[in-house]
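Asks: Below are the chains, spelled out letter by letter.
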Amino acid sequence: MRLAGKGLINRNKRVRFCFDGRDYEGFEGDTLASALLANGVTLMARSFKYHRPRGVLTAGSEEPNALVTVGKGSSQDPNVRATVQEIYEGLEAVSQNRWPSLDFDVMAVNDLGAPFLGAGFYYKTFMWPKAFWEKLYEPVIRRAAGLGAISGAPIEDKYERAFAHCDVLVIGSGPTGLMAALTAAEAGADVLLAEEDSALGGRLLSESGEIDGIPARDWAAAMAEKLAGMDNVRLMTRTSVTGAYDGGTYGALERVAHHRPLAKGLPKECFWRIAAKRTVLAAGALERPVAFQNNDRPGVMMASALRAYVNRWNVAPGQKIALFGNNDSIHDVAADLLAAGVHIAALIDSRAEATCALDVPFYAGAQVCGTDGRKQLEAVSIARASGVEKVLVDCLGMSGGWNPTLHLTCHMNGRPEWREEIAAFVPKVGMVPGLMAAGACNGAFSTAACLGEGVGAAQAACEALGLEAKAPKLPSAENRPYRIAPLWAVAGKGRAWLDFQNDVTVKDVKQAAVENFRSVEHMKRYTTQGMATDQGKNSNVQALAVLADATGRGIPETGTTTYRPPFTPVAIAAMAAGAADKGFAPERFTTSHRLTVAANAPQIEAGLWYRPSYFPAKGETTWRQSCDREVGYVRQAVGICDVSTLGKIDIKGKDAGAFLDFLYTNMFSTLKVGRVRYGLMLREDGHVMDDGTTARLADDHFVMTTTTAAAGEVMKHMEFVSQGLRPDMDMRFASVTEQWAQFAVAGPKARALLNEVLDSPIDGESWPFMACGPVKLGGVDGRLFRISFSGEHAYEVAVPARYGESLFATLKARAEALGGGVYGMEALNVLRIEKGFITHAEIHGRVTAFDIGMQGMLSKKKDFIGKAAAQRAGLLEEDREMLVGLKPLGAVKQLMAGAHLYNAGAEPVRQSNQGYITSVGFSPTLGTYLGLGFLRGGRARHGETVQMVDHVRGVATTCEVCHPVFLDPEGERSRD
Amino acid sequence: MRIACPLCGERDSREFSYKGHALALERPAEDAGVAAWDDYLHNRDNPAGLTQELWFHDMGCASWLVAERNTVTHEFGAVRLAEDVKGAKP
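If you're matching them up, the sequences are chains D and G in order.
Each residue of the first sequence is one higher than the one before, starting from 1 at the first, in this note's numbering.
Each residue of the second sequence is one higher than the one before, starting from 977 at the first, in this note's numbering.
Here chain G stands alone, though its shape is the one from the complex (with noise of 0.2 Å):
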């Protein structure tokens, strides 16, 4: 696969580490509940097709991405920075 880093350009996957879902950037505040945590910690969607994911720039810039996935065919879609992410506010 390559991965198109927004500072760096498009690269090889290998560069790249991963982290699993973008949801992980959602983290709940300290006194949330249990259920909120368990979510947050361990329950992820598995689905067919186009995901939201985090990706790290081990071997270039070091930047955390969110990059969107299609999981059946491995095609990439916008890949942001994760700190621009979490720095759009709705």
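Excised from the complex, chain D in its bound form (with noise of 0.2 Å):
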């Protein structure tokens, strides 16, 4: 029922909206439970075990029951919060958890076997056999047990993520967070305040009360509107801080674009990092209920909730209320109820020393022993010492007294401790370095002791930031003690909710401790209490209260259970903002890139890169038959690949051959200008860590390519090398690769085709085998290296990369007038298998140079890295797995890269294994498959016959054992 009186809410704007397909009305700045609680509507939930009938329990982001579904198919979010959740027109909300409807459940049914559903029952009901529990008991208590739903289908609105820096994080806004923000803000610290709401003020939102003479609401207006004018203050509403991280970083969640209608390139949220050099935490604290029989029917909640409804929103939840307490808090709320003219039927405390000023039915030393009613509050029930009397209530107002919301202290790993006096915990100091707690969140209760925190916290966080900042006057504000009696659970039979999120009782956890489940963490485990959405925020000290008396503990020895990130739930969406499809990973792209597209050639990743695996000719059905045609390019015609994705890295200076020489286990500063040498780099360990050539362009400049695979480990490692090891060598190098364009040019016309591109032709003489220098390609600077990755005569011709798409062109236009054309990564690998030559299938980082057959390229002459390493006794045995070749004998003829190698006869088990197959292609050339692989002793057992199984893809045959090169095992053809 809406109220008279001057909430919040904008009496002028009504808003439209819909929940279980019912349309209702509420007005601007409702909230989904404030809007539906002035409609009348107390039944918002089913619970999370029982089915119970739930209602709304707070006002606030720590709601456990009133969860609910908002939109539709990819853009449904379910597990809502309808406590956080702003109405605007047209917002479609329904409820969770219930079948058929919401008003009639038929999961209803299991709150009667309550008696069996208590804690553990999981455990020990649906232990055999042993199979169902994945095919049956888990998949139906799923469907029954739970909260809303995903849709399944792939998000299509849009996340963000971002990041922020400031001096000075201010988690919070109320008189606390208002206060430190202007204090520092005022030093002239760059200030970041973050509030979860969606207007500046905290609790002084929902409390009458005055500060400075003047209505606190519009004191925390004043101060909002002073903020928003300072330009070194940001202010961020609608934005949860859900975690502290190491060294002042924070997330924070950010609501975009819950509160309106989704607008086109508007994201919904947007997950924040934020980089803090110091933080007032100023969070508050959250009121506790109290444990008694069916404390959970709807209408029963928290007396700041029913506060907050009444004076921020202008609704009673009720006609007739009655609240309940332990703690000073209650007589302010039914003060406030009063005051907007809501009927007070009861005012319980079960302090028996307490005394009421107000003018309402009192009872002190009084308990809330049951209630009525099933899905609304009838009556509730007071036990006193004279006995138990029945009041007809529609709304109880409860309060267990405030717990301080100091989760994010306790993110690093910190406990809090517990204060006697105000029955709570509250952090200590330093559990989160750069963090000082300030007000109600540091057990500061009154509104005069926050503002004095805000501004001392403020004040701390300046001079440590070496700024001066100034005592202000403070407001005058309320500065009454909090005073408090514990009680947890009032005695007596019947369940009596803890936690209402995961429906746990008291009885669950006393259950608990007598299984012995007595630490705290075991008893969590064990009856579910604290996890799912609120974690437990709602009943996380009165449990462990519970089960401190049942096992005869102190709260203190008793202890927290471990507060973890995030604060409020996030969605995996906001997390992984940008980070889905192409922003997984960043694409490279070659110069021809555009070219083989064209050709409709298909792209395979190669680290970052994109590369043709095949070009189809017109007929061609399959790959191989593309791999087939192109493979014969190279042997017979010539063939033109796009080799730019290998690491290229320029390094110039006095010691650059010394430094190669370090790098590489063979000798580089020997080498002439003008020559490339193949070298074979090690890790400190003794292992092959990569492979490629080095051209010396001059005296002092030399080109290495490194795979494309390890370019960028390579560069990382030489970059340690270069500072950490050798800083004393004067040289310098960069990375290149993205700077040149660079073709192989490969077969028996590889150098005709060049003669028709070059501005000067070469010749065998002044071009020998493994050559390198500068040439012209029609007025362009080019380098041209004669190397050879497939064994035939050929080129890699390199261009500025600008130049790269129009060489390509040329030279594929060219190449195939002279009957050959380009080819791709299939042909490319099966031309380098044919000649043996190893890639990273070979060199995977368990193999040595000893085991590839290179042992002859470790330079005895010069230390090297991993030059000790490889000498160890244990990487030279003879019966290592060496690389060999293989040749299928057997009846498939069909060898798999993968599959293992065993003695012929044997067993072929993991006992009996002699090692494995690493690359396999099939040879157009040699009409055969052909297979590189490691083989115990396997240098020495060439002309054997083993047998290769695939148990996987169960393929069996057996092959003959080779030397690795297949082809041309002289050379001869790349010297030609």
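I should point out that these hints are in silico values taken from the structure, not numbers from a laboratory.
Since no wrong hints were added, every one of them can be taken at face value.
Calculated cross-link-like contacts (lysine-lysine; reagent style DSS-like; alpha-carbon spacing at most 25 Å):
| id | chain 1 | residue 1 | chain 2 | residue 2 |
| --- | --- | --- | --- | --- |
| 1 | D | LYS618 | D | LYS812 |
| 2 | G | LYS1062 | D | LYS862 |
| 3 | D | LYS716 | G | LYS1062 |
| 4 | D | LYS654 | G | LYS1062 |
| 5 | G | LYS1062 | D | LYS867 |
| 6 | G | LYS995 | D | LYS716 |
| 7 | D | LYS124 | D | LYS510 |
Label pairs and their computed distance ranges (CB to CB):
| id | chain 1 | residue 1 | chain 2 | residue 2 | range |
| --- | --- | --- | --- | --- | --- |
| 8 | D | GLN871 | G | ASN1022 | 24 to 30 Å |
| 9 | G | ALA1005 | D | GLN625 | 56 to 62 Å |
| 10 | G | ALA1005 | D | ARG846 | 24 to 30 Å |
| 11 | D | ALA606 | G | ALA1005 | 34 to 40 Å |
| 12 | G | ALA980 | D | GLN871 | 36 to 42 Å |
Rough simulated footprint, nothing fancy, chain D against chain G, three-plus residues with beta-carbon under 8 Å:
| id | region |
| --- | --- |
| 13 | 993-1007 |
| 14 | 1025-1038 |
We treat Cβ as the ideally placed atom computed from N, Cα and C, and that holds for glycine.
Dock chain to chain to rebuild the complex, using the hints, since each chain is given by itself in its own frame.
Replies: Next comes the structure, spelled out in structure tokens:
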């Protein structure tokens, strides 16, 4: 029922929305919860396990009951707290965890079975038979018990992530946060104020009272306006700080478009990473319920929530209201309700000595011991020494005291301490470096204390930053002491709820203790108390107090469970914002990419690069046909392949040669200018890291090539060696991979083709095998390297990247005129396997130079990375797995990469494993499958027959072990 | 975590990659023997507290850094360029 009064709703702006298919009307400024209450809707949800009717319990983000699903299809958001969801024109929300309807839920039968569904019932009931758990029990339980569901469709809404930096982050904008922000801002600090609500003010928005002689709410509005006008203050509303991390880093979720229809281009949420030099935590406090029989009926809510609905939204959640609590705050609530004209049927204070200044039916030293009603509260039973009295009410506000919202202070493993006089945990100083808790979250509960602590924390932050923060004149405000007498659970029979979200009762916690789950962490997991979206914000302290009582310990000894981020739920979509689809990894394209795509070449990913797999020709139906044809180009005419993706590192300086000598196993300082040499690079542990060719362009100038896959790793390694091991060396290097487009021109007609495009022709004498040097192509300065990864007479020609596309087109056309053409990765792979050239399929990180037959490349004349470790006896044993070639002999005649090798006649099991195959290709040149692999003692076993078994794909064959170079072992073709 | 790169200033740790203890800078001589090489390659203390470790500023200036870090609190102390550490003679 809507009341008169001046809340924070705009009565001139009516808003229509829909809940469970019915249309309702509210006002601008309403949350879904306040608008539903104003429309007399108190039943908003069904509970998790027992499907009990539930109403709203709180007025904030800690709400455990009123969870709804907002939106439809891929845009559907489950488990939205109705207390946080602002209404807007056209909002559609539906209730959850009920069937067929909220009003009539057949699963409510669970409630009758409650005696059997207590703590640990899953563990006890669904044990046998074992296989039933996964196939039957779990799916059924998951359907019956639960929260809302996602649509299962890919998300189409936009989510964003963003970064912010500030001097002082203020979390929360109640009296503490507002004073802290203003104090720091006036000292000149760059201030970021984050508030999870839609407006600044915190609890001042929901309470009466005055600050500096004006209504507290108006004071907050004036402060907000003042802060908004300061250049060094950023105000972020609807932004929940969700986690505290190392180094002053905080995660925060901004609800950008949950309070309005989703506009095109606008993100729904933005996940912020905030780096703050200093932080003031002013998160306030959360009121905690009292456990008593059937305290979960719709209509029972927190006294503070009741106060907020009345004061902020001008909604009376009932006509006849009772208040029950163990501390002074219920008296303040009662006063506000009376002022708003709401009828109070009973004010029940558990403290015997309590007095009441208000004209209401007052019960001192009394407790609510039960409720009547099912879908709506109808009456409360009040127990006093004189007996039990039943009072008809439709709403009950309860207060078991206040818990400081200290969650963020515990995110880095700190544990709070128990403060007896307020019966609550408070943060200790220094739990999160750079963060200071102030105000209610620090256990200071009067408005005046909050204002003062806000100033103090800001001053401390400023001092740490070297800023001088003046002490402002503190506004005058209420400064009454907080008086409380702990009351966790009212004694009595029946179920008394502790955790509303997970349906955990006092009995469940006691049962856990009986079964020896006495540690609070065990109790939590056994009963599921403190899980799901509210993470025990409404129940943790009471549950551990009940556990402490049941185990005969004190609350401090019992301790709390671990507080972990996020403080409030964060959608995975928000944390993953920008990382889906193409945002997952950058894409790197070669200069020939456009032309290869135009030629319909399927692309394969090589690290971040995209390279053509093969170039399908007219009439070809399989990749093998294309691959065989492309291999033929290189073996018989000329083939062109873009090899720009290989890492290219330009090295210059007096000590460049010496540096390479140290990096590579073999010598480079002796390499003549105008020559290229193959080099092998080890890790310091003696295993092969990478290989490639390095060209000497001048005395003090080398260009190294790395494999595509290891380009980044090699660069990082070189930086380490140069900065960390040999900073004395006089040289510099830089990656030039993207500066040069480089193409392989391979095949018997390679020179003929090049002579069509080079400004000055070359011949065998001036450009022998492994020569390199500058060339000109149509006036463009390029580089030519006579190197071969195919074993043919071949070159690689490089031009500045801006000429890459043009050169590729020219080479392609000329190659085609000579009976050749372009080739892709499949053909490149076959060509290199035919020659026994290794790639990272072979040098996979566990092989040594000895294993791949390159022990001879380990120079004895100098030290180099990996030298000492490569000499270890175990790395030189003759029964190590060594690189071999393999040819199939069996009926299947197919080799499989990844298959394992076994001796002929041996059982193909792990214990008799002799090695494995790393690379496989069909050689059109030799008319057979070829494989490279590793075989125990393989170098001495050429000619032997072994079995290949692929257990995964179910292929077995016998094969002949041979030398890894299948074609032209003398290398005559490349030297031709 | 945030790391104060001497060249780039304080940056988020995701810009950096980690290599382990700064002991890796003390490479033994080629003929130092098996024990010295075994120590260099494999043996590391696992302190609860301050340690010196190597970080590489991949997404920044490509500097190798020697950073003091508390393994318990993740607090960083002095962060120096590896080449300065190597250059510093005792």
